[in-house]
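Quick note, the sequences are listed as chains A and B, same order. When we follow my numbering, the leftmost residue of the first sequence carries the number 1, and every step to the right adds one. When we follow my numbering, the leftmost residue of the second sequence carries the number 1, and every step to the right adds one.
Please keep in mind that the hints were generated in silico from the structure rather than gathered at the bench. Yeah, the Cβ is synthetic: ideal placement off N, Cα and C, and Gly gets one too. It cannot be assumed that every hint is accurate.
[What the hints assert, rightly or not] Taking CB as the label site, the calculated pair distances span: (1) B:Gly-60 / A:Leu-95: 39 to 45 Å; (2) A:Leu-95 / B:Arg-167: 16 to 22 Å; (3) A:Gln-97 / B:Arg-186: 31 to 37 Å; (4) B:Ser-222 / A:Ala-104: 48 to 54 Å; (5) A:Arg-98 / B:Gly-24: 54 to 60 Å; (6) A:Leu-102 / B:Arg-64: 47 to 53 Å; (7) B:Glu-216 / A:Ala-105: 55 to 61 Å; (8) A:Leu-95 / B:Ala-78: 48 to 54 Å; (9) A:Arg-44 / B:Tyr-148: 57 to 63 Å; (10) A:Gly-100 / B:Val-211: 54 to 60 Å; (11) B:Ser-222 / A:Gly-100: 44 to 50 Å; (12) A:Arg-44 / B:Gly-12: 40 to 46 Å; (13) A:Arg-44 / B:Glu-175: 49 to 55 Å; (14) B:Tyr-148 / A:Asp-34: 41 to 47 Å.
[Unchecked claim] Pulled from the structure, derived: some chain B residues nowhere near chain A, Cβ distances all over 10 Å: (15) His-69; (16) Glu-79; (17) Thr-89.
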Amino acid sequence: MTTGGLPVPGRSARPPEHRVESTNLADILERVLDKGIVIAGDIRVNLLDIELLTIKIRLLVASVDKAREMGIDWWEHDPTLSSGQRDLNEENRRLRQRIGDLEAARNRELGNGSGAGAAPEQEPEPEPTRTRTARAREEQGERE
Amino acid sequence: MSLVWLYAVRLGGAEAPAGPGVDGEAPRLVAEGPLVAVVGTVREEEFDEAALARAMEDLGRIERLARAHHGVIVEAAAELPTAPLRLATVYRDDEAVARMLRERAAEFGAVLDRVRDRREWGVKVYVDAKPEAPAEEPEPSGKPGTAYLLRRRADRDRGARARERARAVADRIDETLAQVAAAAYRMKPQDARLSGREQEMVLNATYLVDVAGEEEFRAALSGVEAEGATVELTGPWPPFSFATLGES
Numbered sequence: 001m002t003t004g005g006l007p008v009p010g011r012s013a014r015p016p017e018h019r020v021e022s023t024n025l026a027d028i029l030e031r032v033l034d035k036g037i038v039i040a041g042d043i044r045v046n047l048l049d050i051e052l053l054t055i056k057i058r059l060l061v062a063s064v065d066k067a068r069e070m071g072i073d074w075w076e077h078d079p080t081l082s083s084g085q086r087d088l089n090e091e092n093r094r095l096r097q098r099i100g101d102l103e104a105a106r107n108r109e110l111g112n113g114s115g116a117g118a119a120p121e122q123e124p125e126p127e128p129t130r131t132r133t134a135r136a137r138e139e140q141g142e143r144e
Numbered sequence: 001m002s003l004v005w006l007y008a009v010r011l012g013g014a015e016a017p018a019g020p021g022v023d024g025e026a027p028r029l030v031a032e033g034p035l036v037a038v039v040g041t042v043r044e045e046e047f048d049e050a051a052l053a054r055a056m057e058d059l060g061r062i063e064r065l066a067r068a069h070h071g072v073i074v075e076a077a078a079e080l081p082t083a084p085l086r087l088a089t090v091y092r093d094d095e096a097v098a099r100m101l102r103e104r105a106a107e108f109g110a111v112l113d114r115v116r117d118r119r120e121w122g123v124k125v126y127v128d129a130k131p132e133a134p135a136e137e138p139e140p141s142g143k144p145g146t147a148y149l150l151r152r153r154a155d156r157d158r159g160a161r162a163r164e165r166a167r168a169v170a171d172r173i174d175e176t177l178a179q180v181a182a183a184a185y186r187m188k189p190q191d192a193r194l195s196g197r198e199q200e201m202v203l204n205a206t207y208l209v210d211v212a213g214e215e216e217f218r219a220a221l222s223g224v225e226a227e228g229a230t231v232e233l234t235g236p237w238p239p240f241s242f243a244t245l246g247e248s
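Could you build the full structure based on these sequences and the hints that come with them?
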């Protein structure tokens, strides 16, 4: 494998002798709440009407720890729910701003020679490094 | 008064699952032509709109509903092509169910054709997605601020590389498995804190696999595992992720 992932011994890819019932709840909910045939029945409180989002928010508000215990965690990955990811553009903007600030701070430091009095030309090749960083940043932005 | 909870629509079969269903009831069948709906009679006061809305705020109740719903569908799907219904599909009476089956007979026919002699298998893949340890400390430049910035930059680069590798692994494994599956669907990876593993879940996918091709599918999985990823297989599932109306 190219990633250096550690081989971990255990229950991997072995024949499926276990009962499905033993599967964790998160796996079941991923399917019974998010998958399966969707038909509007006579009772209009099917999950489409409630909106899964509402359910998730309610679950989240009700008891995050309990939910985690049970393996219900989708909001962690739901950009509309997870405050950490609510607005990726905003997040990207802030990161860019922060990197800009850091670089500006560094340039100021290089410019005034800082307190140690070392000569600026001793800095280890800032330009190529910065280019690489910028590319990594862009890739990260695309990925997320 | 009672309502009718819909578990699944199946192609034929005269035997109802033993259950128990979502209300502790014994599931029944509603037949309409070749289609058979697997249903349960449930109490209206527990399954009308208000009660269901309340239920969806109660994790314990959701768990019981989900497990019972799932359990009945597993039984129903054991022998015959079966399309699982999403949780909480409720009708007034059997006639309403039969009418729905008549109206959507062609759609159900297509779905059941697609899942015939196939089962769904969940695959989670974990890899070590943590950045490698810093290779070397940057030269002390006598400038703490600069050293800090360089360190931060190196950390960022390593993190980006680690994520890139993890994503590449997930893509490649998904591709490999999809080639031996009839259909594939990628779900969101579950949170790392839940698995209790050091490694990160990079792939949470599910595959519709020919029963006749399950050996080949498992062989592909073993190949993936042999390359160093940790693989977790769940199933067989009824074809939840591949039973969708309105698709051919």
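Structure-inconsistent hints, enumerated in ascending order: The structure breaks hints 12, 13, 15 and 17; every other hint is satisfied.
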